[in-house]
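*Asks:* Sequence:
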Amino acid sequence: MSTTPTILLVHGFWGGAAHWAKVILELHRNGHDRVQAVELPLTSLADDAGRTQKMIRQIDGPVLLVGHSYGGAVISQAGNEPNVKGLVYIAAFAPDAGESPGGITQQHLPEAAPNLAPDSDGYLWLRADKFHESFCQDLSEDEGRVMAVTQKAPLASTFGDAVSDPAWKHRPSWYQLSRHDRMIAPENQKAMATRMQPKRLLELDASHASLASQPKEVTALILEACAAIGG
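Heads up: take any position in the sequence shown, counting from 1, add 4, and you land on this note's numbering.
Mixed in with the good hints there might be a few duds.
What the hints assert, rightly or not - Using 20 Å as the maximum straight-line C-alpha spacing, the simulated SDA-like pairs for lysine to any residue come out as follows:
#1 220 - 104
#2 26 - 144
#3 156 - 20
#4 58 - 38
#5 194 - 176
#6 220 - 34
#7 156 - 128
#8 156 - 194
#9 89 - 228
#10 194 - 109
#11 58 - 87
#12 26 - 156
#13 220 - 101
#14 134 - 154
#15 203 - 233
#16 156 - 132
#17 58 - 39
#18 173 - 85
#19 173 - 114
#20 173 - 84
#21 89 - 65
#22 89 - 55
#23 156 - 175
#24 26 - 128
#25 220 - 144
#26 220 - 147
#27 89 - 175
#28 194 - 113
#29 173 - 123
#30 203 - 224
#31 26 - 149
#32 89 - 100
#33 89 - 61
#34 58 - 43
Derived by calculation from the structure, the hints in this document are not laboratory data.
Please take these sequences and the hints and turn them into a complete structure.
*Replies:* Below you can see the structure in the form of structure tokens.
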């Protein structure tokens, strides 16, 4: 069994595992290649946590879970697997027991809330013409366009799914807050991080897409967490 933690990256709404592309490359440049990225169905918290747990159970050795956005709710729900040794939240939801991402969002509505558009099948989209300014205003227009076109819309009902026993209450955690986030209000991020009492709170002048706009800083936090749990 390896003692070097495997980093399992968990994406959020309106994107897939490829949102982690720059972080994956930064981890590689820093000599860390025990990295996997889950592709979530975004159909319910139970489905998404279940998919993540299956990947965790396939990993031989310790696991560091890293969640972006809604992925934070997923790692909170899935992170009580025995080989999970730590959690890193990247501009992410960190719900308490009985809380949902939707409920937290209502506490301080994000700036981009009016740019969400449900379709007739129950999926919630981020309007393509508003994606760049809403999700990733500190990336180039070209990068924003690609993200907009390739976005992965969740079932809107997923927003209301509550976490049962959040893993951040049982595992060491780290949190990166994006000060210019238009998708999860910075006030909500601050409240969740403060409640969590993370090993470190890293605040960045970044959009919601900090994993793409500031991958070196995000990767440094992940590696700090990895070292702390034994890798």
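*Asks:* Tell me the hint numbers this structure goes against, listed in increasing order.
*Replies:* 1, 8, 13, 19, 23, 24, 29
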